[in-house]
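Based on the provided sequences and hints, a complete structural model is requested.
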Amino acid sequence: MDATPQKLPSNPIPRILAEKETKIVARDVNVYYGDKHAIKHLSIDIPDRAVSAFIGPSGCGKSTFLRCINRMNDTIPSARVTGQILVDGKDIHDRDLDVVQLRARVGMVFQKPNPFPKSIFENIAYGPRIHGIAKSKADLEEIVVNSLKKAGLFEEVKDRLSHSGTSLSGGQQQRLCIARAIAVNPEIILMDEPCSALDPIASARIEELIDEIRQNYCIIIVTHSMQQAARVSQLTAFFHLGDLVEIGDTEDMFTAPKNKRTQDYITGRFG
Amino acid sequence: MPDHTVTAYDDELASLKQMVAQMGGLAEEQLARAIDAIAKRDVRLADAVIAGDERIDELERQIEEKAIVTIAKRQPMAQDLRQIIVTIRIASDLERIGDLAKNTAKRTHAISGEMPRKLVTGLTRMGKLAQEQLKDVLDAYAQGNAEKAMQVWRSDEDIDALYNSIFRELLTYMMEDPRMIGPCAHLLFGTKNMERIGDHTTNIAENIYFLVHGKMITEERPKKDSTSTTNFPNK
Numbered sequence: 004m005d006a007t008p009q010k011l012p013s014n015p016i017p018r019i020l021a022e023k024e025t026k027i028v029a030r031d032v033n034v035y036y037g038d039k040h041a042i043k044h045l046s047i048d049i050p051d052r053a054v055s056a057f058i059g060p061s062g063c064g065k066s067t068f069l070r071c072i073n074r075m076n077d078t079i080p081s082a083r084v085t086g087q088i089l090v091d092g093k094d095i096h097d098r099d100l101d102v103v104q105l106r107a108r109v110g111m112v113f114q115k116p117n118p119f120p121k122s123i124f125e126n127i128a129y130g131p132r133i134h135g136i137a138k139s140k141a142d143l144e145e146i147v148v149n150s151l152k153k154a155g156l157f158e159e160v161k162d163r164l165s166h167s168g169t170s171l172s173g174g175q176q177q178r179l180c181i182a183r184a185i186a187v188n189p190e191i192i193l194m195d196e197p198c199s200a201l202d203p204i205a206s207a208r209i210e211e212l213i214d215e216i217r218q219n220y221c222i223i224i225v226t227h228s229m230q231q232a233a234r235v236s237q238l239t240a241f242f243h244l245g246d247l248v249e250i251g252d253t254e255d256m257f258t259a260p261k262n263k264r265t266q267d268y269i270t271g272r273f274g
Numbered sequence: 004m005p006d007h008t009v010t011a012y013d014d015e016l017a018s019l020k021q022m023v024a025q026m027g028g029l030a031e032e033q034l035a036r037a038i039d040a041i042a043k044r045d046v047r048l049a050d051a052v053i054a055g056d057e058r059i060d061e062l063e064r065q066i067e068e069k070a071i072v073t074i075a076k077r078q079p080m081a082q083d084l085r086q087i088i089v090t091i092r093i094a095s096d097l098e099r100i101g102d103l104a105k106n107t108a109k110r111t112h113a114i115s116g117e118m119p120r121k122l123v124t125g126l127t128r129m130g131k132l133a134q135e136q137l138k139d140v141l142d143a144y145a146q147g148n149a150e151k152a153m154q155v156w157r158s159d160e161d162i163d164a165l166y167n168s169i170f171r172e173l174l175t176y177m178m179e180d181p182r183m184i185g186p187c188a189h190l191l192f193g194t195k196n197m198e199r200i201g202d203h204t205t206n207i208a209e210n211i212y213f214l215v216h217g218k219m220i221t222e223e224r225p226k227k228d229s230t231s232t233t234n235f236p237n238k
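Protein chains in written order, with this note's numbering: chain A, 4 to 274; chain B, 4 to 238.
Hint data in this document are derived by calculation from the structure and do not stem from the laboratory.
Everything numeric in this text was worked out from a predicted model, so none of it was measured.
There's no promise every hint is true.
As the list claims (entries may be wrong) - Once the Cα atoms are required to be at most 25 Å apart in a straight line, the calculated DSS-like pairs of lysine-lysine come out as: (1) B/K131 with B/K151; (2) A/K93 with A/K121; (3) B/K20 with B/K138; (4) A/K23 with A/K153; (5) B/K131 with B/K195; (6) B/K138 with B/K195; (7) A/K263 with B/K218; (8) A/K261 with B/K151; (9) A/K263 with B/K20; (10) B/K218 with A/K261; (11) A/K153 with A/K121; (12) A/K115 with A/K152; (13) A/K263 with B/K43; (14) A/K121 with A/K140; (15) B/K43 with B/K131; (16) B/K121 with B/K43; (17) B/K109 with B/K138; (18) B/K121 with B/K131; (19) B/K20 with A/K261; (20) A/K161 with A/K140; (21) A/K263 with B/K151.
Written as structure tokens, this is what we have:
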């Protein structure tokens, strides 16, 4: 890997990074929205087959960085990204890299569930179809069923796959969105506050789902709930004012963080 | 440390700390009076100590309840979480110290008859040492001073060493005069209580270390109590 050597803001290296392979490597990443310097010289390693949580107050840059990973910031005219982001050692800003392919590898789930205004079946089938993943109709059906099963939604919707995705409850819609993301066989799943619009039971279901699928994906979750970060993740990164302040194994970050800013934030002493 | 955004949370944590301090003060006082009672063979004072233990137990209950409610309400993190957990643990050690002081005081009744004064000096010496250690560790807690707590932790071996010598001394008295076996056995238990108080004091020191540093002590504590392996000397 030809990553620029850059000091990571953590010492020692989190144990989870030693245990797992590294999926994403970012070195000296800067993001500007016009004049605003939203992310400052960020360097971070993200483990594969584990859940990493990004925490921090609003405007700290955590969602901005999340959106760098599947180049969603490309769609914002004023946004400018510098530095290196490698997925499996390959720079995602390489000219020969197909952004559409990248986004198939890097799925995303948003704060508010956003199913397509189509049937439940079509919501899932859409991605595999346009990416040419399904070879036959039977193949496609299998993908839909499997994705719904992995997302823990199949039993609830198996008799109404032709109903509109928007007819489901909020929590079910969010699981539908996760099923939709899973359907195209992504390697990375980005979740931007996936539970903030859900009630506690629906949130717990999503957390349970994340826990079940984490063995197979590199998952990054942005959350405002410290308890949620503590529950679902193995690695936690704390952002503040565009800086990555501290990164560490989740169990250490919530019991004995090293940095004072992290400590003040997670204990509710900020500002 | 800046205050919490929710000020009631600061109040709750401060109140827990204050309750532990109060409990510590009571335990110190109980211990001092228990030693005094047995040294002077003052059964009225001993009874006062026995009755006084109830207040310590009650405080422990209150601390536990308050800690549980605070955890449920605030979902504490990092040093707040450590503080609450440590509060519960220290309260439990102080409660045990209170029990041991009470048990020592109780023995005043058993030895209130004829007995040479010199027999009890070992126990009082040991009691004074345990008292000092307890006072130092409570100061360390009030100041959040892990280094001071570690000093207490390390010097527990002094109590252990003294315990060994008193143990041998009391065995000798018992052999010299079988009539002394009864009172000496009680003094031995009293002395053992002081040694145990020293152990609880080191627990408190370990918890202060954890509170401040966020990790447990990994070092092995120096130990000098060898009475469990000491043979009855043949004469």
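Results for each hint:
For the given pair, B/K131 sits about 19 Å from B/K151 by alpha-carbon distance, which is consistent with the 25 Å threshold. A hinted pair counts as satisfied when its Cα atoms are at most 25 Å apart, and A/K93 with A/K121 does not qualify at roughly 35 Å. At roughly 16 Å between alpha-carbon atoms, B/K20 and B/K138 fall within 25 Å of each other, so this suggested pair holds. At most 25 Å may separate the alpha-carbon atoms for a hinted pair to count; A/K23 and A/K153 meet this at roughly 23 Å.
A C-alpha spacing of about 14 Å is found between B/K131 and B/K195, which places the hinted pair at or below 25 Å, so the restraint holds. Distance restraint check for B/K138 and B/K195: the Cα-Cα separation of roughly 19 Å lies within the 25 Å cut-off, and the hinted pair is therefore satisfied. A C-alpha spacing of about 16 Å is found between A/K263 and B/K218, which places the hinted pair at or below 25 Å, so the restraint holds. Taken as a hint, the A/K261 and B/K151 pair is honoured in the structure, with Cα atoms around 22 Å apart against an allowance of 25 Å.
For the given pair, A/K263 sits about 22 Å from B/K20 by alpha-carbon distance, which is consistent with the 25 Å threshold. A C-alpha spacing of about 12 Å is found between B/K218 and A/K261, which places the hinted pair at or below 25 Å, so the restraint holds. Between A/K153 and A/K121, the direct Cα distance comes to roughly 21 Å. Compliance with the 25 Å bound is thereby established for this hinted pair. For the suggested pair A/K115 and A/K152, the alpha carbons sit about 21 Å apart, so the restraint of at most 25 Å is met.
Our distance criterion of 25 Å between C-alpha atoms is broken by A/K263 and B/K43, whose separation comes to about 53 Å. Pair hint A/K121 plus A/K140 holds up; C-alpha atoms about 18 Å apart against a cutoff of 25 Å. Pair hint B/K43 plus B/K131 holds up; C-alpha atoms about 15 Å apart against a cutoff of 25 Å. For the given pair, B/K121 sits about 12 Å from B/K43 by alpha-carbon distance, which is consistent with the 25 Å threshold.
As the CA atoms of B/K109 and B/K138 are separated by approximately 23 Å, the hinted pair is consistent with the 25 Å bound. Among the hinted pairs, B/K121 with B/K131 is consistent with the structure: their alpha-carbon atoms are about 16 Å apart, no more than 25 Å. For the proposed pair B/K20 and A/K261, the alpha carbon gap of about 23 Å is at most 25 Å, so the pair holds. Restraint check: the Cα-Cα separation between A/K161 and A/K140 comes to about 17 Å, which is no more than 25 Å; the hinted pair holds.
At most 25 Å may separate the alpha-carbon atoms for a hinted pair to count; A/K263 and B/K151 meet this at roughly 23 Å.
The structure fails hints 2 and 13 (numbered hints given earlier, in ascending order).
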